[in-house]
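A.B. asks: Sequence:
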Amino acid sequence: MRAKYVLQEVLIGLWRNVTMTIAMMITMTVSLSMLGASLLLYLQVEDMKDYYYQQVEVSIYLKGDINDEQRTAIKDKLAGDGLVKESFYESKELAYENFKKMFSDAQDMVESVGPAEMPESFRVSLKDPTKFEQINTDYKELPGVQSIVDQQKLLAKVFDVLGAIQSLSLVVAGVMGIAALLLVANTIQVAAYSKRREVSVMKLVGASNWFIQMPFVLEAVFAAVLGSLLAGVMLIFVKVFLLEGSLSALTNLLTPVSWGDVLIMFPVLAGAGGIVSAVTAWITLRFYIRV
64 MRAKYVLQEV LIGLWRNVTM TIAMMITMTV SLSMLGASLL LYLQVEDMKD YYYQQVEVSI
124 YLKGDINDEQ RTAIKDKLAG DGLVKESFYE SKELAYENFK KMFSDAQDMV ESVGPAEMPE
184 SFRVSLKDPT KFEQINTDYK ELPGVQSIVD QQKLLAKVFD VLGAIQSLSL VVAGVMGIAA
244 LLLVANTIQV AAYSKRREVS VMKLVGASNW FIQMPFVLEA VFAAVLGSLL AGVMLIFVKV
304 FLLEGSLSAL TNLLTPVSWG DVLIMFPVLA GAGGIVSAVT AWITLRFYIR V
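As numbered in my numbering, the sequence shown has no gaps in its residue numbers, which increase by one up to the final residue, 354.
Do not take every clue at face value.
[Claimed, not checked] In silico PhoX-like links for lysine-lysine, alpha-carbon gap of 25 Å or less:
1) K126 to K163
2) K220 to K138
3) K190 to K140
Calculated from the structure, these hints are not laboratory results.
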């Protein structure tokens, strides 16, 4: 009987304050969508770091006047180095072929240089990409070495930009979350005020605060959970129609967003929205009922 009464009161409350409920759901949808996008971006940046750091190479560029003895000494040292996973020698001719492929759309630039202008180099993959400084120390003074470039430093700048975007999206999600909390609190106050006589009667007959508060709390939780489901649908929409549709070219640069990461957002957002809304509603009603 009590459960039936509580559910009945929840439905009546939702219908009585339908405009406020819809506004709360929309706000929760937007804020939770931002939160879900932020979490997906965070997971994506971590996946990209793991993927690209495994592809990182250290380029040891050689001087133009290097001789065969110096070149062989560098090659042998790399072959016996415990930090090196594998190394590959890139001749001037091969460097020029790669240059032509890279700048195939700029024929004037390609025709302005030849193999003689290209530097020789060793492309080195490290077992641990964070050990660049050790490689730099061991090889920079060797005869025939011109310079050493770590691709990880270039990637670090990219990840700094992505991290800034990630932080910004979290800030926006936080602001939207605060707006949603205020709207939840306001909706609960309006709902409680519209039923102030019923609440007073229930208090007079000895009903517990928890029994009185339960319908209001469930209203907030219902709106939040429905908003979280809509937020999850929006994330699916973004993946299908944007990331795999009009923005599919980005997959050549970024690792794809997995369906597992998208689907796991449903319980995460539902849990976060439901718990936060329930706590907000309970605190609001606790102050209201004590008046």
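A.B. asks: State for each hint whether it applies.
C.D. replies: Quick rundown of the hints versus the structure:
no.	hint	in the structure
1	K126 to K163	22 Å, holds
2	K220 to K138	30 Å, violated
3	K190 to K140	16 Å, holds
Going through the hint list in order, the structure does not satisfy hint 2, though it satisfies all others.
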